[in-house]
Amino acid sequence: MIKKRNIFLKESSLKKRSYIKKGKRNRSKRKFRGEKGRVIYAKLEIGKNNKIYEKKRKGKQEGKKVKDITPKYRNKEAVKRLTEKIRDEAKKIDRNVTIMHVCGTHEHDIVKAGIRALLPKNVELIAGPGCPTCCVSALDIDEVLWLADHHNLTITTFGDMMRVPSSNESLYQAQARGLDVRVVYSISDAVNLARTHPELDVLFFSVGFETTSCITAAEVLRVDLPNFSIYSSHKLVPPAMKLLLQRDDIEFHGFIAPGHVSTIIGSNPYEFIPREFHFPVSVGGFEPVDILLSIYSLLKQIRTDSPIVSNDYKRYVKPEGNVAAIKAMEEAFVVSEVRWRGLGTWPLSGSEISDDYAHIDAKKRFSIPKLEGKDLHSKCRCDEVLIGKTKPQECPLFMKACRPDHPVGACMVSHEGTCNVAATYGSFLEELQE
Amino acid sequence: MCLAIPARVCEVLGNNMVKVEITGVVREADTSLLSEEVKEGDYVLVHTGFCISKLDEEQAKEDLKLWDELLLE
Chain A
21 MIKKRNIFLK
31 ESSLKKRSYI
41 KKGKRNRSKR
51 KFRGEKGRVI
61 YAKLEIGKNN
71 KIYEKKRKGK
81 QEGKKVKDIT
91 PKYRNKEAVK
101 RLTEKIRDEA
111 KKIDRNVTIM
121 HVCGTHEHDI
131 VKAGIRALLP
141 KNVELIAGPG
151 CPTCCVSALD
161 IDEVLWLADH
171 HNLTITTFGD
181 MMRVPSSNES
191 LYQAQARGLD
201 VRVVYSISDA
211 VNLARTHPEL
221 DVLFFSVGFE
231 TTSCITAAEV
241 LRVDLPNFSI
251 YSSHKLVPPA
261 MKLLLQRDDI
271 EFHGFIAPGH
281 VSTIIGSNPY
291 EFIPREFHFP
301 VSVGGFEPVD
311 ILLSIYSLLK
321 QIRTDSPIVS
331 NDYKRYVKPE
341 GNVAAIKAME
351 EAFVVSEVRW
361 RGLGTWPLSG
371 SEISDDYAHI
381 DAKKRFSIPK
391 LEGKDLHSKC
401 RCDEVLIGKT
411 KPQECPLFMK
421 ACRPDHPVGA
431 CMVSHEGTCN
441 VAATYGSFLE
451 ELQE
Chain B
56 MCLAIPARVC
66 EVLGNNMVKV
76 EITGVVREAD
86 TSLLSEEVKE
96 GDYVLVHTGF
106 CISKLDEEQA
116 KEDLKLWDEL
126 LLE
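Protein sequences, first through last, are from chains A and B.
Sequential numbering from 21 applies to the first sequence in this note's numbering.
Sequential numbering from 56 applies to the second sequence in this note's numbering.
Keep in mind that the hints are not guaranteed to be accurate.
Taking lysine-lysine and the PhoX-like style, the derived pairs with C-alpha atoms no more than 25 Å apart in a straight line are [as the list claims (entries may be wrong)]:
id : chain 1 : residue 1 : chain 2 : residue 2
1  : B       : K116      : A       : K100
2  : A       : K262      : A       : K338
3  : A       : K105      : B       : K116
No lab work stands behind these hints: they were computed from the structure.
Please read all numbers here as calculations on a predicted model, not as lab measurements.
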């Protein structure tokens, strides 16, 4: 007998009934009457629902297989044993070894996981220029603000950029005095804003290393809107590494190459480092075991004096990288010189939009006058912090005038910035080391 | 900024778009920069709304095997 409550069920609500989802009654072929008097067979609906439910369950199981792997990269036992191995290697080397990484996320994860406290006394980890927002020159922000002021543009950019100081003000301060500045998660959001609001002239302030520039490149190649332009302040990692190697004011003995940049460019572009400079490189991941493994691999290379590019993040990084992304970058950008904060203009280490896409390049669409600006405020030592020459704690402004809630220098802004990381996790680490 | 986050593909939407789940947050991501196909349940690195790399599961397992060997040395 059909129960009353089942008679006037809508087909859609029938699907939603939890007891049907659970498939409790799917063995009996029950008749229900649908809204329009159509007889529907519950089994059919249940069958359909069961299938969806099973499909979801299957997806979860597949995910679980991978999820099981991640804790292994944080495994306490593996960290302990790797640390012992690192200590053994360091003992055999018997001199001070300094390793530089060039990735803001590496600095964040190293400090957060307390990896420096695990290392032997003669092994030191220093942070190179890896935080993209820290490297953006104040003049670039000045130019973007000038464009917005003089051409009535809507500035869109990543949240990290908002508080980075320019010569006079940050984008937040500009927003407070009335400029239209909006935070977007992705360049696609900026494109959508331009598409849905043809009355706005949208400028996307694009910063970042290869990880971000390939995404900008993908948009450059496909977007065709008269009211959208891009200001590119993109930088390249391998040329920057080369310039760091050519400086004689910083001494270090190995590079941990940035994992996420390497998912794009691959491990091949670093090959010149062991070949030309006889210098070891390890492409590193971001879990504690990944980072320790990179350090171990570098120490081994230093001890045996056999530098290579060792890919220690194989699960994401291929030697050739992401071919489609590299192709997009090559098509949309040309390699150019670029300003680094406090470090002057470095040759061949930036990406400018190619002439074929000049209509989208803000620098070519509008003529920007030569502006005077300064990267560093008095006593700020961001330039030295950027290249690992000075530790954040050695800067006279650190946690005095320059704090995460009131950044004076660019390195204090983003959560990848060396000073910001030191301010966030530093005191905890000092306690740990004691 | 160069912070790419591992996410699980929970739905393929077509037209180079997928829905990904990042620690419980579901959002759309563009796959036009990936040369390989992605399917439900795959792990990808997502950076500013674009998938930039796909997790090589076999390689991940092989890595772990190598580590075990290395650590037992």
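For each hint, the structure was consulted:
no., hint, result
1, B/K116 x A/K100, "holds, 21 Å"
2, A/K262 x A/K338, "holds, 21 Å"
3, A/K105 x B/K116, "holds, 22 Å"
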